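Throw the hints in and build the complete structure from the sequences for me.
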Amino acid sequence: MLRTERVNKHLGSFSLREITLEVFPGDYYVLLGRSGAGKTQLLELICGLTAPDSGHIFIDGKEITRTRVQDRGIGLVFQDFALFPHYTVRENIEYSLKIRRLSKEEADQRVGHAAEEMNITHLLSRKPYNLSGGEKQRVALARTLVTDPKVLLLDEPMASVDASLKDSIRRMLRRLNREGQTIIHVTHDFGEAISLANRVGVMHNGRIIQEGTPLDVFNHPVNRFVARYAGIKNFFRVTFIKSYNTCSGITDKTTKFRLPKADYPASGLLIIGSSEVLLSRQGAPGIQMNNIQAIIDDIVPSATGYEIAVNAGDYFYVDITHREMEENNFVPGEKVFVSFPPEAMRFVGESNGKKNSEQ
Amino acid sequence: MKGQTLFTWIFTVLAALVLLFIIAPLAGMFLDSSFSEVKTTAADPEVQRSVWVTLVIAFSATIIFAIGAVPLAWIMARREFPLKKVVQGIIDLPVVLPHTAAGIALLGFISRDGLLGGAAQKAGILLVNNGAGIALAMAFVSLPFLINAARDGFAAVPERTEKAALTLGASPSRIFFTISLPQAWRSVVSGFIMMFARGMSEFGAVVIIAYHPMIAPVLIYERFNTYGIKAARPASIIFILVALFFFVLFRTLATERRTIFRSEDDAAD
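Note that the protein sequences, when read in sequence, are chains L and X. With the numbering used here, letter number 359 in the first sequence gets 359, and the count goes up by one each step, no holes. With the numbering used here, letter number 5 in the second sequence gets 1005, and the count goes up by one each step, no holes.
Quick caveat, the hints were computed from the structure, so don't treat them as lab data. Small disclaimer: the values here were computed from a predicted structure and weren't measured. Worth double-checking, as some hints may not be accurate.
As the list claims (entries may be wrong) - Examples of chain X residues toward chain L, derived with CB under 7 Å: (1) A1164; (2) L1168; (3) P1182.
To be verified - The following residues of chain L were derived to be distant from chain X, with all beta-carbon distances above 12 Å: (4) R174; (5) D216; (6) F218; (7) Q288; (8) E343; (9) A344.
Beta carbons: idealized from backbone N, C-alpha and C, even for Gly.
Structure, rendered in structure tokens:
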């Protein structure tokens, strides 16, 4: 449906490089990356607000690289919604319909339908300045959806919305996608990607460094950056050591991990999920278990309990529940053991990761 | 707190002195003139004609030049091009020129031997010593006020609203008239008022271009030269009152609109 081929764009001190991606009909594709990764610039290239220096953009097999914005059939909802402040909600929504010179009856019908879909019928005579963030979001969506876009581009749609409204917006976006709307959604929030996307592209420094299903990206991050982005905090660059009947990995700070028996390259990244790490004062039993002595550095309350940062030379992050905290009453400065079975560790190839993470 | 009080006092006194400096001469002029003198002068057809001519020409000059000044302001706000700073300098030039010098420069341009004047004469229009010449002189010195205010207005329009209109299928001209201009309108109107007010009070450039038809500032000057300060004072009072009336009227209209827009912006923030 939408395809970009080796798109490059130089923007002052920043460049989008070799962007190749394909979005299929009905996809909910999330572009994930932190601020300054080039996500918004890529959206502007796709919808034609800027032109690439090189590369090609296709929609339904037809090249649109130099096609005017007005003729691409791509809708864009801006992060700050960009509603027209001097128009009412109705005038905002019917703006594109007036351009297309639709009859008043048809325009009214379309506005009414879009307003109903977005649940904003009661707001039609209001001006944007006295709408809430969530209402503005729905008006901006209605304004774009009346154009029947082939692809809907959403630039950080949750960024200007209260946390309490995010769920309803998420439901609305999922419904739109279920009804067949192809969506490309830009965000910096991995949770948002997991809850909405069927495919994810991770952007970093103007490149797409990993693509796949959200679960793929989470389980097999290609490098340290993606791992961090996916919310994985325990990742370690290690050198692998193989002796007669054991395999282990050792970090630069000499933290040593016991690994399952396998063939390992010379070095790589090890990832351990925060919830898979146990924290105790005496260490966990089991001959294969990794028990690493450490000191509690910080205890931070989280939604589900506490996140405890422990210093073992390298830092480990451990999630514990409120009940575990009540039972153990950990305090900063205390000596503890971090424990995890060898199976809790995932291995990520160093060469790929290193190359990408240093870009 | 004591320091702050002293600071406030000093600033209040300094501010009051400046305000007094502006008000005192005007108040003195009003106090030194009797009501009957002002009334008699107001009934003088020559005075009435000069005030009328001043208002009509200043207003016409503002309207006509706004047709080019507003697009220029938009270009200055939205486009990057080589030598943009030089162009901005050219726009500001009339503000720093001595107005008589501006008049001389303009005279060379619009007299029969000048580029514009020669072309206008071929079309049967004489630019010197008539209303058209006065309008050009007024516009020359007052255009920067409109261009700069409108430029600031266009620059303050969120570019995203223009981009959004583009993605919704609007052409650049439609975006200008339906998105950019309505949002920059208050600044454009404010610039319009400033240009009108500045043009209306112009003397230096106008007197070089056209002594007749006599605009109010020239009439006041002529009465002062011929009959002295006592004769010039009532004419000055009448012109000040008329100018103030129109200035306050336009300003009020623009402020009402600005208040509406500002409340929208505040709510949006």
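Which earlier hints can't be squared with this structure? none
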